[in-house]
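Once you've looked at the hints, dock chain Y against the given chain W.
These protein sequences, in sequence, are chains W and Y. Basically the numbering used here = 1-based index in the first sequence + 41. Basically the numbering used here = 1-based index in the second sequence + 126.
Warning: the hint list may mix true and false statements.
Claimed, not checked - SDA-like mimics (lysine to any residue), calculated; alpha carbons at most 20 Å apart, straight line:
id : chain 1 : residue 1 : chain 2 : residue 2
1  : W       : Lys116    : Y       : Ala147
2  : Y       : Lys280    : Y       : Phe327
3  : W       : Lys106    : Y       : Arg172
4  : W       : Lys115    : Y       : Arg185
5  : W       : Lys115    : Y       : Arg141
6  : W       : Lys104    : Y       : Glu177
7  : W       : Lys106    : Y       : Gly163
8  : W       : Lys116    : Y       : Gln180
9  : W       : Lys97     : Y       : Leu275
10 : Y       : Lys280    : W       : Thr95
11 : Y       : Lys280    : Y       : Arg270
12 : Y       : Lys280    : W       : Leu94
13 : W       : Lys106    : Y       : Ser188
14 : W       : Lys106    : Y       : Leu275
15 : W       : Lys106    : Y       : Arg141
16 : W       : Lys116    : Y       : Ser194
17 : Y       : Lys280    : Y       : Ala304
18 : W       : Lys115    : Y       : Arg191
Derived by calculation from the structure, the hints in this document are not laboratory data. All of these numbers come straight from a predicted model, not from anything done at the bench.
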Amino acid sequence: MGCQHLEDLHELFLLGALSDATAAELRDHLERHCAFCLERIREAAQTVYLLSLTTKTARPNPKLKLLLLRRLRKKP
Amino acid sequence: MDVAAKLSAQELLARVAERDAGALGELYDQLAPRLLGMLSSMLPSRSLAEEALQDVFLRLWSEARTLSQEGGSVSAWLVVNARHTALDRLRLDRERRARAGKSPASLPTRKFPEGNSFSPKSILSAFLAVTPLAWVPRPEEIARVDARLELLQKIVQQMPNPQGQALDLAVFRGFSEAEIAQELGEPFAKVRATLRAAITFLRHRRRAVVGTWAANI
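Isolated chain W (complex conformation):
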């Protein structure tokens, strides 16, 4: 089967907005390494990145950074 019917779905897939059945169909297709759709999913990630930048920023509590650094020093 071709992949024209998946053309408009890549951004919604990366946003996690597709129904499970549709997301599974696109995932299965991508896992077959369709070059066109892999290029499209990379392009879609740029749009998802852009959309993420339209939120307000929120400054984390400084203690969180110290906690993060402590936790990662315990990781291999």
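Only chain Y this time, still in chain W's reference frame:
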């Protein structure tokens, strides 16, 4: 870390790949406020958003070497992985409440459609685990978006209202198509068409602005 403070996100990623914890701290300083803003819009509490933020930076610590070797954009990697971390937490919250027979009190305005599956790991999450880098844009592609960011943000704001409203629910609340249909009281097919129109609107304008306008539009 005076030197690292002047480095770009990609240069810091290369240092993180060599197990430089200070570089990860610098990367955190650069990108965490943006990620926490997004996570706070998706998750029902600040504490959950902060936990998700920690998780995604810990995962970056584990995957930095591969991401750096493959030449993927660390900014894009963090944004998409932060999103799927939040979506997995929302799914787990739904599953826990469904099993307990409780309404989703932590999400007071959110209703869940009948027949929605409560799998603890989303299909997106599984895809990112199996194909961890196939979707990651190149740093230069993200740099082009960053360079025209002000104009691109204006374009997002110019989106027709029904499309913008549906897309906001997907982007900032983590709603699926079915949940958006229920939230808006609209037929599923109409919401699906509206979301796709929103994405087409954005894709065409982004291509035009960042200079990758494709012939197959």
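**Message:** Taking the earlier hints as the rules, which of them does this structure contradict?
**Reply:** 14, 17
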